[in-house]
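Colleague: Put together the whole structure using the sequences plus the hints.
Protein chains: 6
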Amino acid sequence: MMKVYITRKVHFNSAHRIYNPNWTDEKNLEVFGGCSNPNWHGHNYLLEVTLCGIPNPETGYVYDLKKLKELIESLIISKVDHKNLNLEVDFMKGIIPTTENFAIQIWNQLQPHIQEAQLYSIKLYETERNFVEYKGEKL
Amino acid sequence: MMKVYITRKVHFNSAHRIYNPNWTDEKNLEVFGGCSNPNWHGHNYLLEVTLCGIPNPETGYVYDLKKLKELIESLIISKVDHKNLNLEVDFMKGIIPTTENFAIQIWNQLQPHIQEAQLYSIKLYETERNFVEYKGEKL
Amino acid sequence: MMKVYITRKVHFNSAHRIYNPNWTDEKNLEVFGGCSNPNWHGHNYLLEVTLCGIPNPETGYVYDLKKLKELIESLIISKVDHKNLNLEVDFMKGIIPTTENFAIQIWNQLQPHIQEAQLYSIKLYETERNFVEYKGEKL
Amino acid sequence: MMKVYITRKVHFNSAHRIYNPNWTDEKNLEVFGGCSNPNWHGHNYLLEVTLCGIPNPETGYVYDLKKLKELIESLIISKVDHKNLNLEVDFMKGIIPTTENFAIQIWNQLQPHIQEAQLYSIKLYETERNFVEYKGEKL
Amino acid sequence: MMKVYITRKVHFNSAHRIYNPNWTDEKNLEVFGGCSNPNWHGHNYLLEVTLCGIPNPETGYVYDLKKLKELIESLIISKVDHKNLNLEVDFMKGIIPTTENFAIQIWNQLQPHIQEAQLYSIKLYETERNFVEYKGEKL
Amino acid sequence: MMKVYITRKVHFNSAHRIYNPNWTDEKNLEVFGGCSNPNWHGHNYLLEVTLCGIPNPETGYVYDLKKLKELIESLIISKVDHKNLNLEVDFMKGIIPTTENFAIQIWNQLQPHIQEAQLYSIKLYETERNFVEYKGEKL
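Which chain is which? The protein sequence lines are A, B, C, D, E and F, in order.
Taken in order, the first sequence gives residues 1273 to 1411; the numbers are from this note's numbering.
Taken in order, the second sequence gives residues 1273 to 1411; the numbers are from this note's numbering.
Taken in order, the third sequence gives residues 1273 to 1411; the numbers are from this note's numbering.
Taken in order, the fourth sequence gives residues 1273 to 1411; the numbers are from this note's numbering.
Taken in order, the fifth sequence gives residues 1273 to 1411; the numbers are from this note's numbering.
Taken in order, the sixth sequence gives residues 1273 to 1411; the numbers are from this note's numbering.
Heads up, some of the hints might be wrong.
Identical copies go unnamed one by one, so any copy, or any two together, can satisfy a pair.
Quick list of in silico lysine-lysine cross-link-like pairs, BS3-like style, CA-CA up to 25 Å [as the list claims (entries may be wrong)]:
#1 Lys1395 with Lys1299
#2 Lys1275 with Lys1395
#3 Lys1365 with Lys1351
#4 Lys1351 with Lys1338
#5 Lys1365 with Lys1395
#6 Lys1299 with Lys1338
#7 Lys1395 with Lys1351
#8 Lys1339 with Lys1299
#9 Lys1299 with Lys1407
#10 Lys1365 with Lys1275
#11 Lys1395 with Lys1281
#12 Lys1365 with Lys1339
#13 Lys1410 with Lys1299
#14 Lys1339 with Lys1395
#15 Lys1281 with Lys1338
#16 Lys1281 with Lys1407
#17 Lys1299 with Lys1365
#18 Lys1299 with Lys1351
#19 Lys1281 with Lys1299
#20 Lys1299 with Lys1341
No lab work stands behind these hints: they were computed from the structure.
Modeller: Set out below in structure tokens:
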């Protein structure tokens, strides 16, 4: 039984600022620079969700990509697209919205809803040049 | 004397909302949808600046790209990167920050500073799938 | 009044073969090579639709991209995506489905439905390396 | 001795339909949607073949990429490019041509012919947004 | 009779330096910076050749892309790929190899060999962020 | 404590030739083909540096990307950009500059300077179609 990895890419646009509420504005500016601008900035995020599993012998699919697309749409996109990650996203409440933390929370949202196959990786591009990956690994 | 077009691409990240202050919030939402979210959203903008002219026989350059890069940096990037287009950008004051209007204002900022060659086009990608171009044409 | 060009990109997947029914199979093979394979082949087409016009002073839009997206969806995508261009697409009936002819027919489908702004260009990528553009020019 | 991974990307265009011959047309349509269109559709596939091994001290190469390119050309591209995956490809006979199954079969074709280095991964993009990876893992 | 533009993209890799032999090394360094390094540097060039014309009613082609590919291969690629633009390319002899001048010379090489259709544009990317276009326009 | 992978992409342009000084020119040509051209050729290299670690609870960062960017700039880019890899780069001295060997040396340069997080991978694209990855694995 062969193990195959399948990936679906989606896009969304959000506003955020990198900001630690336990720090002064000066310290935030010193550590985070323009990323902590109180008037916000934003990104076109590119999200890659990878599952792994055995292709079903009747369909040849590891997971129905239409179903995966709907899951990502309802659990993630509908909550973050054209939204402010600091103010409006329930699963980011109290969390500094770095790409690292955002990817971990996207994993935590999707993971309980993936049966039949296994969630393998969340890859999140903040810009064309910076991206993070989270595979559910804990130390 | 051959006419050649040269282009420099740059990236920046900004927050904005599409909002007509003469309208109610309801009308803004009806016309602009999620793009008018009062808590903002944002983009990784990709800007292409194209000049045209005759290559200088001594350098083979239409325009020194290092000089063009610095011009774009000082006149545009330093004012819009990690900023809020509605609140913080002097040359967007009072202007609805659609990609169309933003491209026109970028043209207006750069055009007076390009000598030796001619500004030919401002191409601005708001997302990978939507972009506008302004060539200084008036009707 | 400034003239601005706006573009929307969309994707679709179709099957086709390049085939002139007035020719023998041998002549089709000789002229079109593997592109005339009677068992078909296919592509991920990338379509760029460009309109031009004056940004509306109340919205800052040349044309509402949501509306343009719906127009492309109903007039083009719904008819060609996951379809056979030779057998199933009404507006390609009797036309050799080269990228050139396909772009012209997409123009002809969209053009009568674009009011307020002007259809400026249809750009159609058959592969990453080959594309055509049609601007409604006639000789 | 350092282990390095080297990858070669290639493109090809094929037609296919996702279809389980043990099912009725209705069930195929219900499960696979437009992907089971009896008149076919197609894709520009992007294939990434990754090998791993120790760089040869005399050449600095893990594997000669010219040789790898020829291997992929003769074993894969010549059989699938501008072909119908359901009807014309010997190594896909009797196999539902999902991206998952297709990647496994490409692995099976290449693997016996790679000596000196080790086949590590087959990554296959069906569209820009959907791709699979197979690393020869069995469960 | 509809006028259509068709484009073929190709890649090649070359070494060069930007250097005016009438100047001292100091002046070259001052004007061209690292681009004038006497030990050379190089690029993966991306070349887009665009022709325009009327699709032939018998083939639906403006120009056979196989034929265009061969023309670009024999007239350009075979002379510049894995070569030094300053030392080894006959049609660049005595010409400062800026992207501007290189594009003009590629036009001059191809133009006399394109019959049936018309050469419309040479677009040449030196890097992902810098490119030039030449359309045969003279002032 | 979640383990996250973060990546920064950078570009640079260099000249090189693939050449084994222990071999005759004929043997170099036979084995390496045009890649051994004595007059050099060059590439736009794309480098991806990936670190892994636990996001710092105070910043949400695995590693400050500004700091990583500066490290890559001072240790790699300043030494290889617009340079000749065979003649001018100290850390490539005596090493055949294949992409494999180049990636290993970039790892060796960066690895001692990454504290707080762990260097995980060096991915190096020589062209859009060929790339290598080194993860510090030894056999």
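Colleague: Any of the earlier hints contradicted here, and which numbers?
Modeller: 1, 9, 12, 13 and 19
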